[in-house]
Amino acid sequence: MTDPIVVAEGLHKSFGTTQALRGLDLSVPKGTVCGVLGPNGAGKTTAVRILATLSDPDAGHARVAGYDVVREAGRVREKIGLAGQYAAVDEVLTGRSNLRMFGRLYHLSRHEAHRRADELLERFGLMEAADRQVAGYSGGMRRRLDLITCLILRPEVLFLDEPTTGLDPRSRGEIWESIRELVADGTTVLLTTQYLDEADHLADDIAVIDHGRVIATGPPEELKATIGDRLDVTLADPAALGSAVTVLSSLAGTEPTTADSVRLSVPLPGSGFRLAEIVRELDRAGVAAADVSLRRPTLDEVFLRLTGPSDQKEHVR
Amino acid sequence: MTVSPSPLGRLRWTLADGMTLVGRELGRLRQAPGQIIGLLVFPAVMVLLFGYVFGSAIRVPGGDYREYLMPGLFAMVTFTAPQGVMVRMAGDASRGVMDRFRSMPTARLAVPFGQTGSDVLAGLLLVAIMAGAGLLVGWQPHRGLALTVQAFLLIVVLRYALSWAGVYLGLLTKDEQTANNLAPLFLPVTMISSAFVPTGGMPGWLRFLADWNPVSALTAALRDLFGNPGGSAGSTAWPIEHPVAAVLLWSAVLLVVFVPLSVRTYRRWGR
Numbered sequence: 001m002t003d004p005i006v007v008a009e010g011l012h013k014s015f016g017t018t019q020a021l022r023g024l025d026l027s028v029p030k031g032t033v034c035g036v037l038g039p040n041g042a043g044k045t046t047a048v049r050i051l052a053t054l055s056d057p058d059a060g061h062a063r064v065a066g067y068d069v070v071r072e073a074g075r076v077r078e079k080i081g082l083a084g085q086y087a088a089v090d091e092v093l094t095g096r097s098n099l100r101m102f103g104r105l106y107h108l109s110r111h112e113a114h115r116r117a118d119e120l121l122e123r124f125g126l127m128e129a130a131d132r133q134v135a136g137y138s139g140g141m142r143r144r145l146d147l148i149t150c151l152i153l154r155p156e157v158l159f160l161d162e163p164t165t166g167l168d169p170r171s172r173g174e175i176w177e178s179i180r181e182l183v184a185d186g187t188t189v190l191l192t193t194q195y196l197d198e199a200d201h202l203a204d205d206i207a208v209i210d211h212g213r214v215i216a217t218g219p220p221e222e223l224k225a226t227i228g229d230r231l232d233v234t235l236a237d238p239a240a241l242g243s244a245v246t247v248l249s250s251l252a253g254t255e256p257t258t259a260d261s262v263r264l265s266v267p268l269p270g271s272g273f274r275l276a277e278i279v280r281e282l283d284r285a286g287v288a289a290a291d292v293s294l295r296r297p298t299l300d301e302v303f304l305r306l307t308g309p310s311d312q313k314e315h316v317r
Numbered sequence: 001m002t003v004s005p006s007p008l009g010r011l012r013w014t015l016a017d018g019m020t021l022v023g024r025e026l027g028r029l030r031q032a033p034g035q036i037i038g039l040l041v042f043p044a045v046m047v048l049l050f051g052y053v054f055g056s057a058i059r060v061p062g063g064d065y066r067e068y069l070m071p072g073l074f075a076m077v078t079f080t081a082p083q084g085v086m087v088r089m090a091g092d093a094s095r096g097v098m099d100r101f102r103s104m105p106t107a108r109l110a111v112p113f114g115q116t117g118s119d120v121l122a123g124l125l126l127v128a129i130m131a132g133a134g135l136l137v138g139w140q141p142h143r144g145l146a147l148t149v150q151a152f153l154l155i156v157v158l159r160y161a162l163s164w165a166g167v168y169l170g171l172l173t174k175d176e177q178t179a180n181n182l183a184p185l186f187l188p189v190t191m192i193s194s195a196f197v198p199t200g201g202m203p204g205w206l207r208f209l210a211d212w213n214p215v216s217a218l219t220a221a222l223r224d225l226f227g228n229p230g231g232s233a234g235s236t237a238w239p240i241e242h243p244v245a246a247v248l249l250w251s252a253v254l255l256v257v258f259v260p261l262s263v264r265t266y267r268r269w270g271r
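For the protein sequence lines, the chains are A and B, in the order given.
For the first sequence, this note's numbering assigns the number 1 to the initial residue and increments by one for each residue that follows.
For the second sequence, this note's numbering assigns the number 1 to the initial residue and increments by one for each residue that follows.
Hints are computed from structural coordinates only; laboratory data are not their basis.
No experiment lies behind these values; they were computed from the predicted model shown.
Quick reminder that beta carbons are idealized off the backbone N, C-alpha and C, glycines included.
Incorrect hints may appear among the rest.
[Said to hold, decoys possible] Partner residues are not named here, just some residues of chain B that face chain A (Cβ under 7 Å, in silico):
no.	residue
1	Thr20
2	Arg24
3	Arg102
4	Ser103
5	Pro105
[Said to hold, decoys possible] Interface residues of chain A toward chain B, partial, derived using beta-carbon atoms under 7 Å:
no.	residue
6	Arg77
7	Leu105
8	Ser109
[Stated by the list, open to error] Anything over 12 Å on all C-beta distances counts as not near chain B; from chain A, calculated:
no.	residue
9	Asp56
10	Ala59
11	His61
12	Ala83
13	Gln85
14	Phe102
15	Glu128
16	Arg180
17	His201
18	Thr246
19	Ser265
20	Gly286
21	Asp300
22	Glu301
From just these sequences and the hints, can you work out the full model?
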C-alpha cells in the first residue's frame, strides 16, 4: 500500500444556506483511479474544486501531492491538471495554438511549449485537426483537447469532473482509453461521474458521496458484495405469481419486485445462497420457473441502494 | 498564498503571462478575418457616416463639422472599449476557461493584465485607422507633432483605465450572453456629451450631465490639442475648462476603483 497522494479530511463548504460538503473524507493512493460517485448536488464538483485549489473549504483540510491546497496552492497547481464539465479551451483558436498558449502559461519555454503541443496532438490522435478552429471540433475532440491540455506539465494528479458527460458512446470509449494510458504512466486520477459503468470500467476504488459526505468506499467488486446477490426468476405460468412471491419473500426476507406478471427480482441478504436450493424451494411450492438466475448486482443497484431515499443506507467500512 | 520565488520573479511571470494572453487575443483575430475587417472598416464607416450625414445639416461655431466631429469620434470609440473586454472576460468565465487559468501555476494577475493590454493594442489600431479616414475627409491636427502625440496618449490612457471597468463588469456578469446584451448600453453614454453636438443648446439638466460626462472632457481635450473647433473655450463647467486635467483625473479614478475591485473579484472567483 503506497502513501495516499490526495487526502481530504473533514471538508466543509457552504454556499449561503446550502451545505455542499459536510465533513468529506477522501484518500487516494498514488497511481490509482478513484471514482467519485454521487447524485446531482451531492458535492462532487465542490470537492474537486477545493482539491484543485479553485475554492477554499470552510473547515477541514486537504493535501495534494504533499502540499496543502489552501496554504500551498501555488505548489499544488504545479502538480495537478483539471478538466471540468466544459471543454475549457479557447474555441476561436486552433487546437495547436490552444496547447501552445497553455504551455506558455505553464511557463514552458516557447520551444518546449511548441514541442509538447505537437507531441500531445500526435499521441492523442488530434494531429489532423491541429490547425482547425476548436469551434469546428466534435464534442469528443473538444473533450480530448481539454484533457490533453491538462497533461502539458505531466501532472501527478489529474482531476476529471464528469469527463464524458454528454458524449456519444464512441467518444466516451476514446476518453476512457486515454485515461487508461495516463494511469499506465503513473498519473493518479480522481474522476467524478454519473455513469456507473464508467466508474466500473476505470476506477480501482470508488467513493460514493451523498449530501456532502462519503457514505461508502471500496473497490467496485467489494461494494457490490456488500448488498448481496440478486435473484431473478421468470415464471412459466403467470398463475403461479402469488406462490412465487411467497417463496421468494421467505427466502430473501423482503418482498420481491415484479417487472411484469412473470418476472420477479429480489436482493438476497449476503451471498450464501445456492441456485439448486432456490430451485428446490420453488418446486416444492409448485412454481414452474422458465428461468432462475443468481447474479452480482450492478453498480447502479449499489448506488441506488446507498443513495436512495430508503433508510437502509449502509456504511461500508 | 502562492509560494513564488520572489516579488521580482512574480512580476516577471505576471508580465510574461500577460504577454502570452495578449498573444492569445492576436491569435483570435487571425482566426476570425471577419472580425479584422469589421475592426478596420468600422472606424472608417463612422467617419464617413457622421461626417457626411450629420455634417450636411449641423453647423458648428468655428466652421467645419468634420473638424469638430473627429475628436468626438475618437472619444466615442474610446468609451465603447470596455464592452469588448467585458464580453471576453464573461466568455472565459462562463466557459470554464477562467477555472483552467486559475488551476494553473499562471500568475494570478496575468489574465486581467493580458485582457487590458491587448485591448490597448486593438485601440491603437482603431484610432490609427480612424485618424487616416479623418485625414481623407479633411480633418487635421493643427498644433504640431508634440500636442498631437499628447492627444493620442490621452486616448490610450483613458482607454486603458476604461478597460479595467470592462474587466470588472465582465467578472460581474459572468455570462457571455448577458454581457453581449449589456454592451449596446455604452452607446447612449457617449451620445449625452459634446462629442457630436455642442452642449449649449441642451436643456439645463442635460447640459449638466453632458458637461460632466468624461466623454465630453476627452472630446474637449482632443479638440484643444488638435486645434479643432469647439474645445474648452467659452465653457464654464470645470471639466470642460480644464479638459486634460479632467481626463487624467477620470483615468486615475477609474484605475483606483476598478483595478483593486477586479483583482479582488478575480482572486476570490468561485471560492
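Hint-by-hint comparison with the structure:
The beta carbon of Thr20/B comes within 4 Å of a beta carbon in chain A, closer than 7 Å, and the hint placing it at the interface holds. With a cut of 7 Å, the hint placing Arg24/B at the interface with chain A holds, because the nearest CB-to-CB distance is about 5 Å. Taking 7 Å as the C-beta cut-off, the interface hint given for Arg102/B holds, the closest approach to chain A being about 6 Å. With 7 Å as the threshold, the beta carbon of Ser103/B comes within range of chain A, its nearest partner Cβ sitting at about 4 Å, so the hint holds.
Taken as an interface hint, Pro105/B checks out: its beta carbon lies about 4 Å from the nearest beta carbon of chain A, inside 7 Å. Of the supplied interface hints, the one on Arg77/A holds, with its beta-carbon coming within about 4 Å of a beta-carbon of chain B, less than 7 Å. Residue-level restraint check for Leu105/A holds (minimum Cβ-Cβ distance to chain B is 4 Å; threshold 7 Å). Hint on Ser109/A is violated. Least Cβ distance to chain B is approximately 11 Å, over the 7 Å limit.
Look at Asp56/A: its CB is around 5 Å from the nearest CB on chain B, not clear of 12 Å, so calling it non-interface is violated. At roughly 14 Å, the least C-beta separation between Ala59/A and chain B is larger than 12 Å, which holds for a residue marked as non-interface. With a cut of 12 Å on Cβ distances, His61/A stays outside the contact zone with chain B, its closest approach being about 15 Å. With a cut of 12 Å on Cβ distances, Ala83/A falls inside the contact zone with chain B, its closest approach being about 8 Å.
Not every Cβ of chain B is farther than 12 Å from the Cβ of Gln85/A; the closest lies at roughly 7 Å, contradicting the non-interface assignment. Against chain B, the non-interface label of Phe102/A is violated: not every CB pair exceeds 12 Å, the least being about 7 Å. Residue placement check: Glu128/A keeps its beta carbon more than 12 Å from all beta carbons of chain B (closest about 18 Å). With 12 Å as the threshold on Cβ separation, the claim that Arg180/A sits away from chain B holds: the shortest Cβ distance comes to roughly 23 Å.
Distance check on His201/A: its Cβ is at least 25 Å (rounded) from any Cβ of chain B, clearing the 12 Å threshold; non-interface status holds. No beta-carbon of chain B is positioned within 12 Å of the beta-carbon of Thr246/A; the least distance is around 55 Å. Here Ser265/A stays apart from chain B, with its beta-carbon at least about 41 Å from theirs, past the 12 Å limit. No beta-carbon of chain B comes within 12 Å of the beta-carbon of Gly286/A; the shortest separation is about 62 Å.
Listed as a non-interface residue, Asp300/A keeps its Cβ farther than 12 Å from every Cβ of chain B; the least gap is roughly 28 Å. For Glu301/A, the condition that its CB be more than 12 Å from all CB atoms of chain B holds, with the nearest at approximately 33 Å.
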